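Q: Chain residues, written in single-letter form:
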Amino acid sequence: MGEKKIKLSDLNKQLADMNVKSLEGIKIEGDIELEIETGAGGVGPLFAYYFGEEVAKVAVQLVNMAKAFGYPIDSLLQPVAVAEAIAPPEIKEAAPAFKIPDTLAKAKFEVGTDKTWKHQIQEVVLGATKADGGSRGNTVTIGGEKALPFFYDAPMPHRPVVTMDVFDMPIGMAKAVKMHYEDVMNDPAEWAKKCVNEFGADLVTIHLISTDPLVKDTSPQDAAKVVEDVLQAVDVPICIGGSGNPEKDPLVLGKGSEAAQGERALIASANLNMDWEAIGRSCVDNGNVCLSWTQLEINAQKELNRKLMKVAGVPRGDIVMDPTTAALAYGLDFAYSNMERIRLGGLKGDEELTFPMSSGTTNAWGVREAWMVRSPNKHDSDWGDRMLRGPVWEIITGFSLAMAGVDIFMMMHPFAVAYLQEITQSLMGLVKAETPDTANWITMEA
Amino acid sequence: MKESSPLNLYKFLPKTNCGECGEKTCMAFAAGLIARERMIEECTPLFDPKKQKKYAKKLTQIKEVLAPEVALIYVGTGDRQLKVGGEDVMYRHQMTYINKPPFAYDVTDAMDEADLVERVKLIHGWRKFYIGNWEEVEMVAVRSVTGDPDKFAKCVKKVMENTDKPLILCSFDPKVLKAGLELAAEKRPLIYAANKDNWKEVAQLAYDYKVPVTLSSPFDLDGLKSLALTFREMGLKDLVLDPGTAPNGEKLQESLHNFIKLRRAAVEEGQRDFNYPVMSIPLSAWFTTDDPVRGAYWESALAATFVIRGAGIMIRHSMEPHSVMPDMHLRFNIYTDPRSPVQVKPGLYKVGKPDETSPVYLTTNFALTYYTVESDLGSNEIDSYLLAVDTEGIGVQASVAGGQITPSKIKDSFAEAGVDFEKTSHRSFILPGMCARFSGELEELYGYKVKVLVGPEDSGRIPGWMKTQWPPKWEE
Numbered sequence: 526m527g528e529k530k531i532k533l534s535d536l537n538k539q540l541a542d543m544n545v546k547s548l549e550g551i552k553i554e555g556d557i558e559l560e561i562e563t564g565a566g567g568v569g570p571l572f573a574y575y576f577g578e579e580v581a582k583v584a585v586q587l588v589n590m591a592k593a594f595g596y597p598i599d600s601l602l603q604p605v606a607v608a609e610a611i612a613p614p615e616i617k618e619a620a621p622a623f624k625i626p627d628t629l630a631k632a633k634f635e636v637g638t639d640k641t642w643k644h645q646i647q648e649v650v651l652g653a654t655k656a657d658g659g660s661r662g663n664t665v666t667i668g669g670e671k672a673l674p675f676f677y678d679a680p681m682p683h684r685p686v687v688t689m690d691v692f693d694m695p696i697g698m699a700k701a702v703k704m705h706y707e708d709v710m711n712d713p714a715e716w717a718k719k720c721v722n723e724f725g726a727d728l729v730t731i732h733l734i735s736t737d738p739l740v741k742d743t744s745p746q747d748a749a750k751v752v753e754d755v756l757q758a759v760d761v762p763i764c765i766g767g768s769g770n771p772e773k774d775p776l777v778l779g780k781g782s783e784a785a786q787g788e789r790a791l792i793a794s795a796n797l798n799m800d801w802e803a804i805g806r807s808c809v810d811n812g813n814v815c816l817s818w819t820q821l822e823i824n825a826q827k828e829l830n831r832k833l834m835k836v837a838g839v840p841r842g843d844i845v846m847d848p849t850t851a852a853l854a855y856g857l858d859f860a861y862s863n864m865e866r867i868r869l870g871g872l873k874g875d876e877e878l879t880f881p882m883s884s885g886t887t888n889a890w891g892v893r894e895a896w897m898v899r900s901p902n903k904h905d906s907d908w909g910d911r912m913l914r915g916p917v918w919e920i921i922t923g924f925s926l927a928m929a930g931v932d933i934f935m936m937m938h939p940f941a942v943a944y945l946q947e948i949t950q951s952l953m954g955l956v957k958a959e960t961p962d963t964a965n966w967i968t969m970e971a
Numbered sequence: 008m009k010e011s012s013p014l015n016l017y018k019f020l021p022k023t024n025c026g027e028c029g030e031k032t033c034m035a036f037a038a039g040l041i042a043r044e045r046m047i048e049e050c051t052p053l054f055d056p057k058k059q060k061k062y063a064k065k066l067t068q069i070k071e072v073l074a075p076e077v078a079l080i081y082v083g084t085g086d087r088q089l090k091v092g093g094e095d096v097m098y099r100h101q102m103t104y105i106n107k108p109p110f111a112y113d114v115t116d117a118m119d120e121a122d123l124v125e126r127v128k129l130i131h132g133w134r135k136f137y138i139g140n141w142e143e144v145e146m147v148a149v150r151s152v153t154g155d156p157d158k159f160a161k162c163v164k165k166v167m168e169n170t171d172k173p174l175i176l177c178s179f180d181p182k183v184l185k186a187g188l189e190l191a192a193e194k195r196p197l198i199y200a201a202n203k204d205n206w207k208e209v210a211q212l213a214y215d216y217k218v219p220v221t222l223s224s225p226f227d228l229d230g231l232k233s234l235a236l237t238f239r240e241m242g243l244k245d246l247v248l249d250p251g252t253a254p255n256g257e258k259l260q261e262s263l264h265n266f267i268k269l270r271r272a273a274v275e276e277g278q279r280d281f282n283y284p285v286m287s288i289p290l291s292a293w294f295t296t297d298d299p300v301r302g303a304y305w306e307s308a309l310a311a312t313f314v315i316r317g318a319g320i321m322i323r324h325s326m327e328p329h330s331v332m333p334d335m336h337l338r339f340n341i342y343t344d345p346r347s348p349v350q351v352k353p354g355l356y357k358v359g360k361p362d363e364t365s366p367v368y369l370t371t372n373f374a375l376t377y378y379t380v381e382s383d384l385g386s387n388e389i390d391s392y393l394l395a396v397d398t399e400g401i402g403v404q405a406s407v408a409g410g411q412i413t414p415s416k417i418k419d420s421f422a423e424a425g426v427d428f429e430k431t432s433h434r435s436f437i438l439p440g441m442c443a444r445f446s447g448e449l450e451e452l453y454g455y456k457v458k459v460l461v462g463p464e465d466s467g468r469i470p471g472w473m474k475t476q477w478p479p480k481w482e483e
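Listed in order, the protein sequences are those of chains A and B. Quick note: the first sequence, position 160, residue 685 per the working numbering, numbers continuous. Quick note: the second sequence, position 344, residue 351 per the working numbering, numbers continuous.
Fair warning: there could be bad hints in the mix.
Unchecked claim - Below, in silico cross-link-like pairs of lysine-lysine (DSS-like), each with a Cα-Cα straight-line distance of 30 Å or less: (1) B:LYS22 to A:LYS671; (2) B:LYS22 to A:LYS643; (3) B:LYS258 to A:LYS640; (4) B:LYS458 to B:LYS352; (5) B:LYS65 to B:LYS128; (6) A:LYS631 to B:LYS217; (7) B:LYS128 to B:LYS70.
Derived by calculation from the structure, the hints in this document are not laboratory data. Small disclaimer: the values here were computed from a predicted structure and weren't measured.
My request is simple: use the sequences and hints to build the entire structure.
A: Below, the structure is given as structure tokens:
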């Protein structure tokens, strides 16, 4: 920098103007010196505050520059340990005389509703009956909320629903799940029937995972045949899932969508990393509903929803969002708050977010606490029976996200499905039951 | 506190930049207060009796501004002191939830001594490792089932002999509560509960023994507020509210509504006269069933409901792992501070006492992943090196998909950490199973001078994997 002096704000501006490319070949020599002229009164607090703000902006630019040079700057920026909170010291005040009144104070508790929730979440109909050009025995409507789930501000118009997973080939699964599907693992149609007839699935999802080039590389035509089989086997609305392969899914889901023409099937899913436009258009062309899937990022979710509507031409009533389910003990905090923010955004009128949400709740089974026989950590307390532990992992993962605004759950374990339905419907006031007198809980025998 | 600008707190501080709090300036201290990293008590001049005249007014004012929207109550003493309430936001993404609700598991004075001691030890000793910390149970709730003060006292005594965790003393009979307080008051237990029938006697106890007290008014928020205002008027402000936790039916919906209403009144409407932390009692699940599995599952569902919607403290029953574990994790997740990234510093870490023959593992710098692998290695006494690759705090599977971890990034990370495989006896490292598809490209990058082993998909299986796969066999 030599002898030249520059103003702090200029420095900031200059740094901001530099982009990474223009930094190549720049040398910075010597220490950077800053001179501050202060008035007679020294540095005033307001000046110090704004000066600090300006310096911080410069620091951000310098950090970015250091990063551009490949310097591992983050190692310098680890947060310092947060000061241990301490209990406040007792403050001695002259104690007023303690006097017990004769009667309780009169009181009326009042509280309002959230006035910023002015918008309704879009209602989406899944499935189509004969009258509407499909072949389903019933339809399922999700969305339509005017408040956060189970809040008193406004009743939920539709209960959360469950679509149970069916795979087009046998897959590895936790023992607690596998025992329920061993007899149908080789037959997606029978698998779908079992979910509906025995486990009370509202919908089924046929996951076309065998199409993955790294799995069996079955053709989109084969996949379409499986979709037809499932449509024949059950008359509930269906979801059609790909293998997750970004190159092949647009083809597979396109054929799957054609096979389910007019059925208002939920096509799972379009993602920014793949040809979302092709998937969106195939939903429009075949009268199906598009699942808009992003990875824990609210702005990406807005972007994809916008593109599906504006570019692919998907109508508002044909979009459901999957903002990604990170399971209990494995990032649930991100998934929960991402979904709650999305739902609050929708209620407040962000038109790119006013759609119902879906959760891949089955992800819960990927968490070691759900499936491992015992803890790998020898000092942990006993983890108990994994056959009991696994289902509750799926219940709590799904239910937490129900509280954040999820409308449709992709699930696997029949107990988990039953409990999720029971707790969500209870909180909607739909489950009539004699409530025991809990006032005497202290003396309860248990 | 609703304030978000340090400038507005600065005006109540001494503005002397004395540095006694450890910050260079009062403005920096004000910023620390906004971030909830500093407490006003650390500004010692404000509390100096000699400067009372000068600062008394400021202190009163800033305390009012700083007061949490949900009142903060202290239960227990010393190292075992617990903070109940003290929350500032309605939804966690607005800042963070602060004090996770303590779980108090129940024992009763009807239990025979051996069962009682066994259960207290189970509650006291329960622990689980998670993200670098041990999760534990915080409290024991002692229920008076017999209604006999002597039996209650005996039970409290036995509990205190076996745990130093804070207690909740549970009875509606003031004589029973008094018998427990005689033994436990010094440890500042929470008492449960004053209601519309016993409130005078219980208020007297709370005053005499200087303990926080729960006010119980099931499904009647007017009645609950009436109790709270009355106690407040008496100068008893360490209060916890029990609006009732119904285990089923439409009353369950009403219970949740009441929790939401109380939280909203405190946080969004600033009803400072009725902003006490709220107690939930998921134990009530056991009124609906004798089936141990159903009871535990339903208790977990109720606990999740009220952990998410603002309970400040909870009385629990099921110590079954399939109930305690998910609830502990849910509470942890909901109370994780969304402002600070859950990352560890990228680089090479030692587990145990590794030498040149020890295996070299790698994972991402997502704190959860890192600590899981570290604990799986450490608790199985596997001396090893563990490289945390900078994936911006994203886990293995997601960073493979998202490109935050790649073969060249792994090679660069080893180089940055100064790892020279020529100096190891095995010239190899172990990839997470989720990165299996990188192995070929990595060996190519290293010119086939380093063997790239593919480890298990879950690090819990490393001990078993080591038995068959370690050390690697070079074919020459």
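Q: Decide, hint by hint, whether the structure agrees.
A: Evaluated hints:
Our distance criterion of 30 Å between C-alpha atoms is broken by LYS22 of chain B and LYS671 of chain A, whose separation comes to about 48 Å. Of the pairs offered as hints, the one joining LYS22 of chain B and LYS643 of chain A is violated, with about 44 Å between alpha carbons and a cut-off of 30 Å exceeded. With a CA separation close to 26 Å, the supplied pair LYS258 of chain B and LYS640 of chain A stays within the 30 Å bound. For the proposed pair LYS458 of chain B and LYS352 of chain B, the alpha carbon gap of about 26 Å is at most 30 Å, so the pair holds.
Restraint check: the Cα-Cα separation between LYS65 of chain B and LYS128 of chain B comes to about 48 Å, which exceeds 30 Å; the hinted pair is violated. Restraint check for LYS631 of chain A and LYS217 of chain B: satisfied, since their Cα atoms lie roughly 25 Å apart, inside the 30 Å limit. With a C-alpha separation of about 41 Å, the suggested pair LYS128 of chain B and LYS70 of chain B falls outside the 30 Å cut-off, and the hint is violated.
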